[in-house]
Amino acid sequence: MPKQKNKKQNNTPDRKDRFSEAELSALMKAEFDASGALFSCKGDMDDRCNYCDSFLWFDKQHLFVVLAETQIGPVKSRKKRLEPKIEITETKTFPMEQVDKISCERYVSTGRLVFEKEGTPIYAIGFSMRLIEHFDRFARAFNSFKKTGVVDLPPENKKEKGVCKKCGAPCDPEKSYCKKHDRKTATAVRLFSFFGGYIPQVAVVLLIMVADSLVTVFVPQLSTRQLFDNVLSTENGAPAAEMFKALGVLVLSIFGIRLLNAFLSSFRQYIQGSIMPSVIYDIKVKIFKAMQRLSVGFYVSNQTGSLMNRVMRDANNIYWFFVDGVTGILINVATLIGVLTIMFIMSPKLSLIVLLLTPVIYAMLFFSEKLFRALHHKSWVYHSRVSSMVSDNIAGQRDIKAFAKEDDEYVRFEKVSGSFRKAELKLALTEATVFPIAEIAVLILSAFVLGMGGTMVAKNEITTGTLLSYMVYLTMLREPFDFLSWVSNWWSRCADSAQRVFEIVDSDAEITEKEDAVALDQISGEIEITDLDFEYEPARPIIKEFNLKIGAGQMLGIVGRTGAGKSTIANLIARLYDPKKGSIKLDGVDIRDLKFESLRKNIGIVSQDIYLFIGTVADNIRYAKPDASMDEVIAAAKAAHAHDFIMKLPDAYETRVGSGGQKLSGGEKQRISIARTIIQNPKILILDEATAAMDTETERNIQNSISALKSGRTTIAIAHRLSTLRDADYLAVIDGGTLVEYGTFDTLIRQKGEFYKQFKLQSEALKAAGILDDSAPQDIEEEE
Amino acid sequence: MATDTISPETLKTEYLRPDECVFYVSNAGFIGAEIKGVRYDRVLLKRALPFGAPEDYVCVSDIEKNEIGIIEHVSDFSEEQQTLIHKELTLRYFTPVISDIISIKEKMGHFYFDVKIGDVQKSFTVKDLSKNVRMHGENIDIIDIDGNRYRIEDLSAIATRARRKLEPYLY
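Heads up: the sequence lines are chains A and B, in that order.
Residues in the first sequence are numbered from 1 upward in steps of one, following this note's numbering.
Residues in the second sequence are numbered from 785 upward in steps of one, following this note's numbering.
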């Protein structure tokens, strides 16, 4: 029966925050009935950040805080524990009217839940970072209850992160399982599933490998045993001609076997070579596809380098393990079994000695491998540090020279490089010590076998050929032992890589399209923002209770200090993130109910950070509309005042830009980006500090380009230079994520509020710099 | 411009002298202050150098996070005032001290720590030790996957096996 998805109710706490039977009964013993709680939360600290258990809940009349010490119950059986012993140490009860609001504060490595009455904090309880989302949700639940009389929380889209799927224990938010349940075998099974489409080829490869190993194992029987016992033996007194004939047959047989070996090996490599690139292609495509599905938030929280590694390095790690590692395991295991079997058949007595001594040698190899692994790791860490320093130094050469810090950099490098040298020396010295010890152990074993074997030959228990071939087999054991002692390390690295790959493949996109999403072909461009709350991280609100309406075809200017939340509003309108609370409606439809295509087709963003993709200028301009004709591309470039500079580039519209391509200035890139938006022809245009980094002349050119773009569209312009917003129908001033002023340019100037203050400051600065501003000074002077 | 010509006046840094500010703790346990005659019911303290010089350059701001001034050296204040400041900073920069490491296990690119903090046994996970283990003087600070911080004050008191695991990341 398929497992039913456990759909979480919006107004219920997370699984971790529901009280267990034992906890409820311990609370009941202390005369606290938490069974009727409207919302609950479990923490791990008291008000001074001492570790203890905390239970928080509220009902219609009271808010409760109970602190307790919990002793884990003794083990009852292999899988069960007895109930934990909960000892309540402190209780606090707040009548509802005593607490107006709860806020969740984020500290450096902890958080605190602060109870407030009339703006004054009256109590606080700590919690560790892992619980911040739970406590934030508790605060929201309480505040919504105080405001509306019901616990009304917005839908929790995200899956419960940082909790093991199997046992509920805390784990890395990016992982699905905890230490105990994060199994390499599960990863291996999943990895092997990529070979599902190539079962016949894989079967052939496996068969060839086994056959190849067996043939190899058979060679000493001919090359040594047969040669010494039958061909070169003088005991049977065969004539020289026959001996040469037998020798010829033997040599030809060995040659034939080796030829078969080589043929099987190249046939295996041929088949393997045709499977592996396809499997790696499948893995890479799967990662890349998963990455395209994920939301912007994922890319913000993961470094580009780390993601690149996942696509390229991790996929390659998997590739090499499967190409060399897996084949190596199979070949070596088959060789080991084959060799040991033959050795037992040849001489059970000698084999018993070998069998008794080889585990000692294997253990030596295994532990030395462990030691080397630690030393290699240490060396690798120092090596990475040296590499980072060199790359840092190269990238910062301009500043190093400008500050005359060459000598200091040299000293710094010498120190880091010295640590690397020390680590390498230690590794080399350990290798020089441990390897001979292992070699000596092998030599002792060989000497022992040779001595015993020699005695047996003397006693006619075995032939000379048997002893010599036995010695050959003994040396053949060395390679599988060596290989198998370090392959586990190799597999660990491959499993790590596979795990990282699956983390991306399994990640849930935070922004998803509803199944019944609506498609809007024609929109007028009216935007309505209601009670909007948003935060990138729990307990760090960026937008608070934000309300705004923009009429179709109007231009709204958004101003505010750095970090006030201006760009966040733009990101929310484009639905790059979803709000924590409230809604954004486009033509009366909540954007969460719209099809992605309808939304993104109708919203164009020109931002300060422009990215040009690898390709030609024309490719970049027609990015939003790949089928745009060249006429359209040129028209868009002209409208964006980009045509002239494009024609001056060596290959004009076919000049390659982006990484490794033609270097363009910020203003040039910006104009290409505007041309790209003109071709997209969106109904809503968001200009996010589009001219912030430009010089005055370029800004003027770009302003002209933008003016061409604005007509007939709803435009939201975010700008630092307030004079550029003179054309806006309305202006919204944001501070600390809330709307503090709203009105026309003239109204806000007359109001003499925050906008007026900023405008005056900027105008004075421009005057001082000798730059005339057409509009501002007169306005200000008149007002003065 | 030579460094010695940079004065607090030119940079308009407001340094708070012990004679012009008094810190106090409200009944609910929140720190407030009276600074240059202005009373702040609640102030926030933030270290400018949380690892290198945790007792110097402590920024004092109001509840809206507007900076009021900077305490250059906490040690300039009276003992009673220092205690109040320390208590608040300890709370804000809560970093439990690891008294013993029971084990550090590596699995699938994650390091699983089982440690003792006083009498309490704690487990936490650290990803990418080279970024999340930092050494400052004798102290080693470890940041786990959730952002919780832990400190080792005496590395020699820690078992050799655990120390060997941490060693490459200490510099």
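Since the hints were derived computationally from the structure, they do not count as laboratory data.
Bear in mind that the values here come from a model prediction, so they are computed numbers and not experimental data.
Just to be clear, a hint being listed does not mean it is correct.
Said to hold, decoys possible - Pulled a few chain B residues facing chain A out of the computed Cβ check, cut under 10 Å: (1) Leu800; (2) Arg801; (3) Tyr808; (4) Ile819; (5) Lys820; (6) Arg823; (7) Lys830; (8) Ala832; (9) Thr874; (10) Thr879; (11) Ser883; (12) Ser914; (13) Asn916; (14) Arg918; (15) Tyr934; (16) Arg948.
Note that beta-carbon positions come from the ideal geometry of N, C-alpha and C, so glycine has one too.
Next item on the list: Determine which of the earlier numbered hints do not hold for this structure and return their numbers in increasing order.
Entry: Hints 1, 2, 3, 4, 5, 6, 8, 11, 13, 14 contradicted; others consistent.
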